[in-house]
Amino acid sequence: MKKLFGTFGVRRLANEVLTPEFASKLAAAYGSTVEGKIAVGGDTRTSTVMIKNAVISGLLSSGCDVVDLGILPTPAVQYAVRKYYDGGVIVTASHNPPQYNGIKFVDSDGIGIPEEMEEEIERIFFSEDFRRASWDKIGNLTSNPSIIREYQDGVIARVDAEAIRKRKFRVVVDCGCGAASYTMPYILRRLGCQVIALNSQPDGFFPGRDPEPVPENLSELMDAVRSTGADLGIAHDGDADRTICIDERGEFVLGDKTFALVEKRMLQENGGGIIVTTVATSSAIYDIASENNGEVITTAVGDLLVARKLKETGGLFGGEENGGLIFPDFVYGRDAALTAAKILEIMAHEERPLSELVSELPAYYSSKRKIKCPDEIKGDVMDMVSKMLADEDGVREIDTTDGVKIFRDEGWVIIRPSGTEPIFRCFAESETQEQADEMASWGISLVERAIKKT
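To convert, note that position 195 of the sequence shown is 195 in the UniProt record's numbering; the numbers rise steadily by one, no gaps.
Just so you know, these hints were derived from the structure itself, not from any lab. Note that the coordinates shown come from a computational prediction; the quantities given were computed from them, not determined experimentally. All C-beta atoms in this analysis are idealised placements derived from N, C-alpha and C, irrespective of residue type, glycine included. Any given hint might turn out to be false.
In silico DSS-like cross-links for lysine-lysine, where the CA-CA straight-line distance does not exceed 27 Å [unchecked claim]:
no., residue 1, residue 2
1, Lys37, Lys137
2, Lys370, Lys453
3, Lys37, Lys25
4, Lys168, Lys25
5, Lys368, Lys378
6, Lys311, Lys2
7, Lys405, Lys453
8, Lys370, Lys311
9, Lys405, Lys168
10, Lys2, Lys452
11, Lys453, Lys368
12, Lys137, Lys166
13, Lys370, Lys387
14, Lys311, Lys83
15, Lys37, Lys368
DEER-style ranges, computed between Cβ atoms [unchecked claim]:
no., residue 1, residue 2, range
16, Lys387, Glu21, 34 to 44 Å
17, Ser355, Glu376, 14 to 24 Å
18, Asp409, Pro145, 52 to 62 Å
19, Lys370, Lys137, 26 to 36 Å
20, Ile377, Thr142, 42 to 52 Å
21, Glu21, Ser355, 49 to 59 Å
22, Ile138, Lys387, 50 to 60 Å
23, Pro20, Arg131, 16 to 26 Å
Model the full structure from these sequences, guided by the hints.
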């Protein structure tokens, strides 16, 4: 069992566990498994520059050449690696609070590294069996500040920019003081939008709101959309790989709704194709696929797993229910900027507001809960939940692809340990909000009882 890596990368409290020494050793372990030129970038957190420099040192010491891309969105790093480099390291804790940071490793395709490579990095890290270059073989350090503009160009080239410009949309964008501050307001202006920017100054203290774009953190954005008569509100997480939309009424649009909306357009544009998503994604994704010559393939939770399956299958499009959509012809990872641009393109072509477009999608209701659980007992708790289900009434089917997904007549609920936080997550979906809430509460009660028995 891995001791360091979670769903994607390693996240810890900055300068407590994730110290410069820790970061340098972890990077040296990664550098000991690869060769060539490695790109490094990160988000706006207060600890990112410190950790990024430690990562660079660890890579150089293992003999890797390093290209410092600076502070920029995670998908921009993945884009750069796929096009130019042999691997990459991204310093980010994504949606986690500001006291956290993390280190993500990607392969030459810009996809999160496979599990067997994570295990080898942990072996090298703990045994200190590093490949240390001799003094004359230490790597060289260069920079590539132009990559951020190239990434923006790539986003704009993949949508009907002229159609968007003709509509002259008014958009409120909330960058959360994260890495989107360097890209999203500029992309929107280049698409002819009237931009109202919130929290768009880079600030690792995240003074405007917490980095996670959930309803309780976006009240200011919702109010701004209503008060300015905007066509759309957009919110991003800390490293700008997720997009959450606020419709023209100032209402929060669930991530699986934007997933389904973009999925529908992608399938129609391409005459069908393979859609890859996780077991925690809405049934609407299956409904849209069946109506538009699509095939859905599921994975365990984690955008790197979705990205890898997209590459393996030649998939058309993929993503998760949290607003993280993947366009594999551009970046093998969640891409907030292209997601936002694609939604604007759909609105421009349809000449209808987002609320109306979303209302036409298959209607399901969801409920999400979480409960604290120490990392060291998560496995035992999961085993206990599985045993308890044998005595529960109304269970029709169980899927153990990731955690446990339980199908009942009312809908489904998935219970799984988080790979990034000491919590269990519980997602439920049904045809009514009341039933979804009841199923989520039932799922949480199973975890509570299992924790007490562990």
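Consistency of the hints with the structure:
1. Lys37 <-> Lys137: holds (13 Å)
2. Lys370 <-> Lys453: holds (19 Å)
3. Lys37 <-> Lys25: holds (18 Å)
4. Lys168 <-> Lys25: Not OK: Lys168 and Lys25 at ~50 Å, beyond 27 Å, violated.
5. Lys368 <-> Lys378: holds (19 Å)
6. Lys311 <-> Lys2: holds (25 Å)
7. Lys405 <-> Lys453: holds (21 Å)
8. Lys370 <-> Lys311: violated (31 Å)
9. Lys405 <-> Lys168: violated (44 Å)
10. Lys2 <-> Lys452: Holds. Lys2 to Lys452 sits at ~25 Å (cutoff 27 Å).
11. Lys453 <-> Lys368: Satisfied, since the Cα-Cα distance of roughly 24 Å is no more than 27 Å.
12. Lys137 <-> Lys166: violated (55 Å)
13. Lys370 <-> Lys387: holds (20 Å)
14. Lys311 <-> Lys83: holds (15 Å)
15. Lys37 <-> Lys368: Status violated; Cα separation ~41 Å.
16. Lys387 <-> Glu21: 34 to 44 Å: At 42 Å between Cβs, range holds.
17. Ser355 <-> Glu376: 14 to 24 Å: violated (45 Å)
18. Asp409 <-> Pro145: 52 to 62 Å: holds (57 Å)
19. Lys370 <-> Lys137: 26 to 36 Å: For Lys137 against Lys370, whose Cβ atoms are near 47 Å apart, the range 26 to 36 Å is violated.
20. Ile377 <-> Thr142: 42 to 52 Å: About 46 Å separates the Cβ atoms of Ile377 and Thr142, which means 42 to 52 Å holds.
21. Glu21 <-> Ser355: 49 to 59 Å: Holds, at about 51 Å.
22. Ile138 <-> Lys387: 50 to 60 Å: With a Cβ separation near 54 Å, Ile138 and Lys387 satisfy 50 to 60 Å, so the hint holds.
23. Pro20 <-> Arg131: 16 to 26 Å: Distance hint for Pro20, Arg131 holds at roughly 20 Å.
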